[in-house]
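Participant: Spelled out from the first residue to the last, the chains are:
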Amino acid sequence: MSIDTDTARKVAKLARIRVQEADLPALAADLSGILGFMDQLNEVDVTGVEPMTSVTPMRLARRADVVTDGGYPERVLANAPDAREGFFAVPKVVE
Amino acid sequence: MNANQLTIAAARHALRKGELSAVDLAMACMTAMDAGDGLNAFVHKTPEIALEQARAADARLASGDAPAMCGIPLGIKDLFCTKGVPSQAGSNILRGFKPEYESTVTTKLFDAGAVMLGKLNMDEFAMGSSNETSCYGNAVNPWRRGNDDTALTPGGSSGGSAAAVAADLCLAATGTDTGGSIRQPAAFTGIVGIKPTYGRVSRWGIVAFASSLDQAGPMTKSVRDGAIFLGAMAGHDPKDSTSANLAVPDFEAALTGDIRGKRIGIPKEYRMDGMPDEIEALWATGTRMMKDAGAEIVDISLPHTKYALPAYYVIAPAEASSNLARYDGVRYGHRARLAQGDGITEMYEKTRAEGFGPEVQRRVMIGTYVLSAGFYDAYYNRARRVRALIKRDFETVFADGIDAVLTPATPSSAFGLGEMASADPVQMYLNDVFTVTVNLAGLPGIAVPVGLDRQGLPLGLQLIGRPWGEADLLNHAYVLESAAGFVAKADKWW
Numbered sequence: 010m011s012i013d014t015d016t017a018r019k020v021a022k023l024a025r026i027r028v029q030e031a032d033l034p035a036l037a038a039d040l041s042g043i044l045g046f047m048d049q050l051n052e053v054d055v056t057g058v059e060p061m062t063s064v065t066p067m068r069l070a071r072r073a074d075v076v077t078d079g080g081y082p083e084r085v086l087a088n089a090p091d092a093r094e095g096f097f098a099v100p101k102v103v104e
Numbered sequence: 004m005n006a007n008q009l010t011i012a013a014a015r016h017a018l019r020k021g022e023l024s025a026v027d028l029a030m031a032c033m034t035a036m037d038a039g040d041g042l043n044a045f046v047h048k049t050p051e052i053a054l055e056q057a058r059a060a061d062a063r064l065a066s067g068d069a070p071a072m073c074g075i076p077l078g079i080k081d082l083f084c085t086k087g088v089p090s091q092a093g094s095n096i097l098r099g100f101k102p103e104y105e106s107t108v109t110t111k112l113f114d115a116g117a118v119m120l121g122k123l124n125m126d127e128f129a130m131g132s133s134n135e136t137s138c139y140g141n142a143v144n145p146w147r148r149g150n151d152d153t154a155l156t157p158g159g160s161s162g163g164s165a166a167a168v169a170a171d172l173c174l175a176a177t178g179t180d181t182g183g184s185i186r187q188p189a190a191f192t193g194i195v196g197i198k199p200t201y202g203r204v205s206r207w208g209i210v211a212f213a214s215s216l217d218q219a220g221p222m223t224k225s226v227r228d229g230a231i232f233l234g235a236m237a238g239h240d241p242k243d244s245t246s247a248n249l250a251v252p253d254f255e256a257a258l259t260g261d262i263r264g265k266r267i268g269i270p271k272e273y274r275m276d277g278m279p280d281e282i283e284a285l286w287a288t289g290t291r292m293m294k295d296a297g298a299e300i301v302d303i304s305l306p307h308t309k310y311a312l313p314a315y316y317v318i319a320p321a322e323a324s325s326n327l328a329r330y331d332g333v334r335y336g337h338r339a340r341l342a343q344g345d346g347i348t349e350m351y352e353k354t355r356a357e358g359f360g361p362e363v364q365r366r367v368m369i370g371t372y373v374l375s376a377g378f379y380d381a382y383y384n385r386a387r388r389v390r391a392l393i394k395r396d397f398e399t400v401f402a403d404g405i406d407a408v409l410t411p412a413t414p415s416s417a418f419g420l421g422e423m424a425s426a427d428p429v430q431m432y433l434n435d436v437f438t439v440t441v442n443l444a445g446l447p448g449i450a451v452p453v454g455l456d457r458q459g460l461p462l463g464l465q466l467i468g469r470p471w472g473e474a475d476l477l478n479h480a481y482v483l484e485s486a487a488g489f490v491a492k493a494d495k496w497w
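Protein chains in written order, with this note's numbering: chain A, 10 to 104; chain B, 4 to 497.
Just so you know, these hints were derived from the structure itself, not from any lab. A few of these clues could be false.
What the hints assert, rightly or not - Below 25 Å or equal to it, Euclidean Cα-Cα: the simulated DMTMM-like pairs (lysine to aspartate or glutamate) are: (1) B:K495 / B:D37; (2) A:K19 / B:E349; (3) B:K101 / B:D37; (4) B:K101 / A:E94; (5) A:K19 / B:D427; (6) B:K294 / B:E255; (7) B:K48 / B:D37; (8) B:K86 / B:E255; (9) B:K86 / B:D114; (10) B:K86 / B:E55; (11) A:K22 / B:D331; (12) B:K309 / A:D54; (13) B:K101 / A:D78; (14) A:K19 / B:D243; (15) B:K309 / A:E52; (16) B:K86 / A:D78; (17) B:K86 / B:D331; (18) A:K101 / B:D345; (19) B:K309 / B:D427; (20) B:K394 / A:E52; (21) A:K19 / B:E362; (22) B:K111 / B:E55; (23) B:K271 / A:E52; (24) A:K22 / B:E349; (25) A:K22 / B:E362; (26) B:K242 / B:D114; (27) B:K242 / B:E105; (28) B:K495 / B:D40; (29) B:K309 / A:D39; (30) A:K101 / B:D331; (31) A:K22 / B:D427; (32) B:K271 / B:E105.
Keep in mind that this is a model prediction, so the values were computed, not measured.
Can you build the whole structure from these sequences, using the hints too?
Facilitator: Have a look at this one:
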């Protein structure tokens, strides 16, 4: 599977990583190389094999549906690049 | 001998006897740490915390309440969240991040009396095999090729941990291993590195890379130290839903040195084309050592080995693309400076372009691609099917009575920093060829230093154990370590 510049642009957009137009061909080549390596997987007969969901056979533990943590918004916001009046601040989202 | 050169076991003895104080031990390590800046292993030093913890450890030692790790100075990989101390995962996107909480592993270690000297260098988000993707710059291997002063990689991603332990800047260090990131750097620096069974050690508070593969473990100067350290890290944690609710055995008590009648599997698929003669010879030497100790050597087959790396490089980036979605410039770390009229999408895109280095960007995009509509089945689901087959390969040999599998740890000794710069990314990924199967199958693995190559660099072998069989695995490693008698240290140049 080879990745062209358009696909590279689309993947970068989906990943929310800005890539300069001039850098797209090199990115496409890199991604193609890695995906080419993965094409070996097509040699394997996986008929009847379920995709692994958990490496150790375990049931996820359940816990009581109660609040166990919280009540300290200042600590939650302590590392925010921009926090105002007890909230995370971001550029305007809705017009 | 200076106190920083001690093993955990020797320091424990001296501390309990009162021959050494935890404060003096911490001071010796801090002196070595400051003198070791040329290795670029410690990237955030915490001398105040170390002294406070060492004083508390001395008080516990005096009162007779001293767990095995009490007063032991450690380095902590930058991937672990440590309260109030920078925890950046080697990334610019987490510049300035100081967690408001402590990871479960470091909480357990501190509760056991351990002393934190600082945070250790690593590949960005643990993505790398040479510590060259770090935002802090390269960590440097204390080992050199004879009199050649070329700077070598300590391996990765736990490169700072490996360099610090090998250079005696600390007694031991935490590492994490997603595809070989404890075992490969351990092998490159002549130390012991343990990747526990998936679920043995809590992942809570460790910055996530690939959650179904990540596991933390100890990096130490001896197998016994690894057993002591692992015992203090391991155990059930309700905060990690994949943490196993199993009792933690006394790993140190398992080190009997008796492996008579045990069956050691030698997998033919690990004999790779182009493998250096020295690695082949080392593997044969290790096999003979196990045989001489009374184990039975059995040729085995793990037929899907060849597909482990391509499966890994689908699954790990897929999980990483999801895990790293949280770095969006809103809650912590870096936010790009925005231009007039930029909206939230521009904020995400610019922040992530500035904050993530090239290898992390590459893997996030690969992961995004293999999870995208139309390719999910062809790549991600197929890789998960192949992963099931890789696990089945191991289940089959264990069901046939194999107790441990012996393989090389790495396909080469440490290479020069920058030597792989022009290689394509897949060439670097091949470093994980012997270690990655263990993560995919969720098994415990350990790298043990066994010899030196012609250039005077350490080489290691890997032992792979049954799920939850760390105690037995460590005993096998103990036998290999005793037989190999590896005592070489890097000549101090730093």
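Participant: Starting from the hint list further up, note which numbers the structure goes against and sort them upward.
Facilitator: 8, 14, 32
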